[in-house]
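Please model the entire structure based on the sequences and the hints provided.
2 protein chains.
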Amino acid sequence: MNAPDKLAQLLTLTREPFPASRKAWIEGSRPDLRVPVRDVSLTNGEVVSLYDTSGPYTDPAAAIDVRRGLPDVRTPWLDERADTEHYEGRARMALDDGAKHEDRDAQRIAALRAEAAGLQRTPRRAKPGANVTQMHYARRGIVTPEMEYVALRENGKREWMREYLADAGREQRLRGNPMGAAIPALITPEFVRDEVARGRAIIPANINHPEVEPMAIGRNFLVKINANIGNSAVTSSIEEEVEKLVWAIRWGADNVMDLSTGRNIHTTRDWIVRNSPVPIGTVPIYQALEKVGGVAEDLTWAIYRDTLIEQAEQGVDYFTIHAGLRLPFIHLTANRRTGIVSRGGSIMAKWCIAHHQESFLYTHFEEICEIMKAYDVSFSLGDGLRPGSGADANDEAQFAELRTLGELTQVAWKHDVQTMIEGPGHVPMHMIQANMDEQIKHCHEAPFYTLGPLTIDIAPGYDHIASAIGAAMIGWMGTAMLCYVTPKEHLGLPDREDVKQGIVAYKIAAHAANVAKGHPGVRARDEALSKARFEFRWTDQFNLGLDPDTARDFHDETLPKDSSKEAHFCSMCGPKFCSMKITQEVRDFAAKGMSEKSAEFKAAGGELYVPIRPVA
Amino acid sequence: MNAPDKLAQLLTLTREPFPASRKAWIEGSRPDLRVPVRDVSLTNGEVVSLYDTSGPYTDPAAAIDVRRGLPDVRTPWLDERADTEHYEGRARMALDDGAKHEDRDAQRIAALRAEAAGLQRTPRRAKPGANVTQMHYARRGIVTPEMEYVALRENGKREWMREYLADAGREQRLRGNPMGAAIPALITPEFVRDEVARGRAIIPANINHPEVEPMAIGRNFLVKINANIGNSAVTSSIEEEVEKLVWAIRWGADNVMDLSTGRNIHTTRDWIVRNSPVPIGTVPIYQALEKVGGVAEDLTWAIYRDTLIEQAEQGVDYFTIHAGLRLPFIHLTANRRTGIVSRGGSIMAKWCIAHHQESFLYTHFEEICEIMKAYDVSFSLGDGLRPGSGADANDEAQFAELRTLGELTQVAWKHDVQTMIEGPGHVPMHMIQANMDEQIKHCHEAPFYTLGPLTIDIAPGYDHIASAIGAAMIGWMGTAMLCYVTPKEHLGLPDREDVKQGIVAYKIAAHAANVAKGHPGVRARDEALSKARFEFRWTDQFNLGLDPDTARDFHDETLPKDSSKEAHFCSMCGPKFCSMKITQEVRDFAAKGMSEKSAEFKAAGGELYVPIRPVA
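So the protein lines, in turn, are chains U and Y.
If you count by this note's numbering, then the first sequence holds residues 118 to 733, one letter each, in order.
If you count by this note's numbering, then the second sequence holds residues 118 to 733, one letter each, in order.
One thing to keep in mind: the hints can contain errors.
Chain copies aren't distinguished; within one or between two, either way the pair holds.
[Claimed, not checked] Straight-line Cα separation of at most 25 Å, SDA-like style, residue types lysine to any residue; simulated pairs:
#1 Lys-558 to Asn-294
#2 Lys-531 to Gly-410
#3 Lys-558 to Ala-299
#4 Lys-558 to Arg-290
In case anyone wonders, no lab produced these hints; they're calculated from the structure.
Spelled out as structure tokens, the structure:
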């Protein structure tokens, strides 16, 4: 498909607002601080306001040119802080794209690069001696616009929720179990600051990613989800690459990791970061490996360090760095069922073995911190020894690395560098809590960011479900962000539909966790949808769901006629008899019968539950 | 599609054995006691033996004629007990099919009925004064062939599992958490007898369903799943109806409920029961309602009682009976978000309100027990007041009914009638444990049989996932059988693909629960698949999964060539670099390096975990 076609597809498929939805904003303390939400208009006149990750793409009024990138909303905030400087930046090298000059794509890519020249920005870095991390500001008591943005975003519009959460008895009965989290009734900017200051939350926001709409990852905030995307083997257009991002955030990805490998990864990353309203994460070792032709042994600290700076200048918001995979731990994997399954982890293991040396990520960790704090790149400390099967769950290799990640967290915090911790992987249900407990204990409540976990190993083709079970549970227990798994896990590369299936499964897991934790107001959407369901407002039921299109399509398969959208019955019981129709009669009966009923109860000893009477 | 086409489709689609699989049998203490298993041959010469619900349909050697039904394997066992008698049975009435004689289908159905005359059996019932329930035999110390069958089936072939579970350290680390269950290392026939005797397990096996392959539902046995099917509005053939059953058991349904309504339900039930190797459950009130033209108020005990006998004679193995929904509880639903959502429950609520009388199911409960024990039909005591939204979870209406079901369980057990208890529904994660606790406390460990529960309400189109999360958790906590939810839940009637999606999601939930509970040997399949995955035995990985077809198709989308089935790499990392290939190097390294490593550890103070060294 050529570029114009792709562009057309992008515009039609991923820019269309959700049904009955319009982009709205919560105004902050300053005119340039506006937090987007999605307002859904119901057929009964109500408006339900939802958390919105989709950025300007779902705003028909937004003029978007993927060759120019999104507006740099944060630039005024960065300028005001006056602690950064623009500079020429690292010199671009052919090697950055893993370029082989015989590459038959080289010319096309050069052309695309030229087309997208408008995406180039002059990089910023901290002025000499300055530390520009959100954690650094927080620890100095400063509430940044990013922190206020996060507070407003986490709260959302509370007004519409009130009537749904008004029943005191119900609220008492449904009160969440935060499992040790300390979630306030209202998130204030100061609360965000304090959580970031103590390292319990991060706001991934590289100073070179001014397009980002700030969000928080932390135990006391809403559980977030991450989606992974990768570049195409043969890139046909900028649109094709950007559209993967736009598609992922449309369905609710809070973060996106660019796991591109092979050709053109530097250029592809420019396209993605400049057009992304959500934080972008990467695994820099992947690009470093490309630079040494895929030979792990040939990796050097110099090449890796240069890659960190390259990506920090581009605006990557967090780096997965497997610095906890240490030489002495490698042999602990020798008797595993599935050895080392993390790609980054195995690259470093191979390097350590080849050189019989400690990992350069570990020995140079403080130098890495110096780079991170000059751009406010957050650590995502990688679990290179995560289990690749239930059989290897919670073993000494995994936990030895986790304890090391806890030590490294302390080092990162010494530099005020924001840090989260990556977790497994494959873990049976009964062993999930131990992962959370160990992480909290050794990593001092730094946000946990887990892949699944998959609760069983026998569901290839359905691992989004096998892992959504574990993800929902560990999210309830305190994990701050869930990395999605698609149906193609273990089998192949996810296509557009797989990405959507993985994201929806993880939105389910994250919402289930938020409801169980008792995040204020989070149940209101369930109540609104249930009310619509009960009142046969079909369209509202579809539009309040995670995927209105699919819900409507499924309904239409059985009852296609538009009139049935208002029908007071459904295909399950049909028009002749409907269980929900009974309830009005019940209500009349209750109203009328309450007095005699209560008399009856008193006669029966005032017990609501009346013991069975022996039958003659 | 006409009947021959359907028959062809049935034979090709649902009779084909699974890849590399063949039907095998575990021989019992007598020649007519043979428990089927599915033996999967791996490319490395191993054979993995799996629990098999698919019946003779996946045995190419079995001659199957859906117009004659399956072989009546249990007949010798029933005859030997000499406590039943054949009798003419209840006279067939036109009304049984809810027949309206102007019905334009009447003739076609009459013709199909004639075709299927071979399905008619002379019914059996207990001789006067006899009680023919498995519970009654168990309480008298008798081990029936059904009990031995269940024991062999639960254990499966243990030989092949040994090597996978040989690592003592791993077994210790992965030891399950039974959450109060008492699961023996090996299931003996006597254990089955004792569990049935105390009511902690049931073996649904109507004496008029001699075709059934016995299975157990109980907290100390493998978690089972149920799939619901319904008749077509316009039946075109016997094959069409039977194929829904065959399709469901192919993918692993342990039980099937026939929720048919409308026309021809008596005839359809004959077709299904006679061709079913798994227990069949029904909700008799549905048929009774058809007999009174869909007017709940017109229901009578006489019509309902006659329907119970009609279905007991046909061989239905368990009845959902909403006898716990009592008049005094109905008003408790008045202020619910979603009122009464159980169809059977709302029918009875409407009856109670209309007559201002206690439910006839409750007042006639002991008479119902008399019928159940004459045919060994098991109770599935229905939760007519289950919550239809998270907002209504665990409320007084739900729990008042649950306590009543506990009382009724005691009454049923007084008659030695096998009993299980139905549960919700919609329950947020943090409120699931309370459901299990209340059920165990008030229902005396009678098997719990839950629908989901759905952990959130905002996933229409994906409720198989929203509910698989709750199902896995409550299965771990002690629920014995999980009733599936399909993607069409709340939206429409599931088609063939929806049924498969629902079943696979629930096989995942049940297996995750069995692994967490620590059922002996249950993890072996995960270990075998993980080993195949690690050794790049792609075909074995597919064939050991829950859905080999889909796993293979997904792999082929990225790497179609057959050669890639033996390729020592996958599409995720490609041929150039593969994380799993590292492990052999790790093993060599570990073997060689172990001594020096251990020296290094001692030097470091003997700690496996080496504290970080400050970097200059």
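Hints, one by one, checked against the model:
{"no.": "1", "hint": "Lys-558 to Asn-294", "in the structure": "both (20 Å within a copy, 22 Å between copies)"}
{"no.": "2", "hint": "Lys-531 to Gly-410", "in the structure": "neither (35 Å within a copy, 76 Å between copies)"}
{"no.": "3", "hint": "Lys-558 to Ala-299", "in the structure": "within (16 Å within a copy, 32 Å between copies)"}
{"no.": "4", "hint": "Lys-558 to Arg-290", "in the structure": "between (31 Å within a copy, 20 Å between copies)"}
Checked against the numbered hints given earlier, the structure breaks only hint 2 and satisfies all the rest.
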